[in-house]
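Novice: Sequence:
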Amino acid sequence: MTKAKEDAEKFAEEDKKRRELVESKNKLEQLTYQMENLLEENKDKLPD
Numbered sequence: 010m011t012k013a014k015e016d017a018e019k020f021a022e023e024d025k026k027r028r029e030l031v032e033s034k035n036k037l038e039q040l041t042y043q044m045e046n047l048l049e050e051n052k053d054k055l056p057d
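Here the sequence shown is numbered in my numbering, starting from 10 and rising by one per residue.
It is worth saying that the hints were derived from the structure and are not from the lab.
Here the structure is a predicted model, which is why all the values come from computation and not from measurement.
Glycine residues also receive a C-beta, built at the ideal position from the N, C-alpha and C atoms.
Pairwise CB distance ranges (calculated):
{"hint": "1", "residue 1": "D53", "residue 2": "E32", "range": "27 to 37 angstroms"}
{"hint": "2", "residue 1": "A21", "residue 2": "K52", "range": "45 to 55 angstroms"}
{"hint": "3", "residue 1": "Y42", "residue 2": "K14", "range": "38 to 48 angstroms"}
{"hint": "4", "residue 1": "L48", "residue 2": "E23", "range": "31 to 41 angstroms"}
{"hint": "5", "residue 1": "E15", "residue 2": "N46", "range": "39 to 49 angstroms"}
{"hint": "6", "residue 1": "V31", "residue 2": "K54", "range": "27 to 37 angstroms"}
{"hint": "7", "residue 1": "A17", "residue 2": "M44", "range": "39 to 49 angstroms"}
{"hint": "8", "residue 1": "V31", "residue 2": "T11", "range": "29 to 39 angstroms"}
{"hint": "9", "residue 1": "A21", "residue 2": "D57", "range": "52 to 62 angstroms"}
{"hint": "10", "residue 1": "D53", "residue 2": "D16", "range": "56 to 66 angstroms"}
{"hint": "11", "residue 1": "A17", "residue 2": "L55", "range": "47 to 57 angstroms"}
Whole structure, please, built from the sequences with the hints as guidance.
Specialist: Dropping the structure here:
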């Protein structure tokens, strides 16, 4: 039982790190999309 518990704890930490990485990537992609849309919507207001 001890080995199984150790493995579960080890993988839980790895899963947490992977989940945080995926969440960060998703946030970055969302911000990039929003910025691209903002620039496109306001391109006539920006200097050349």
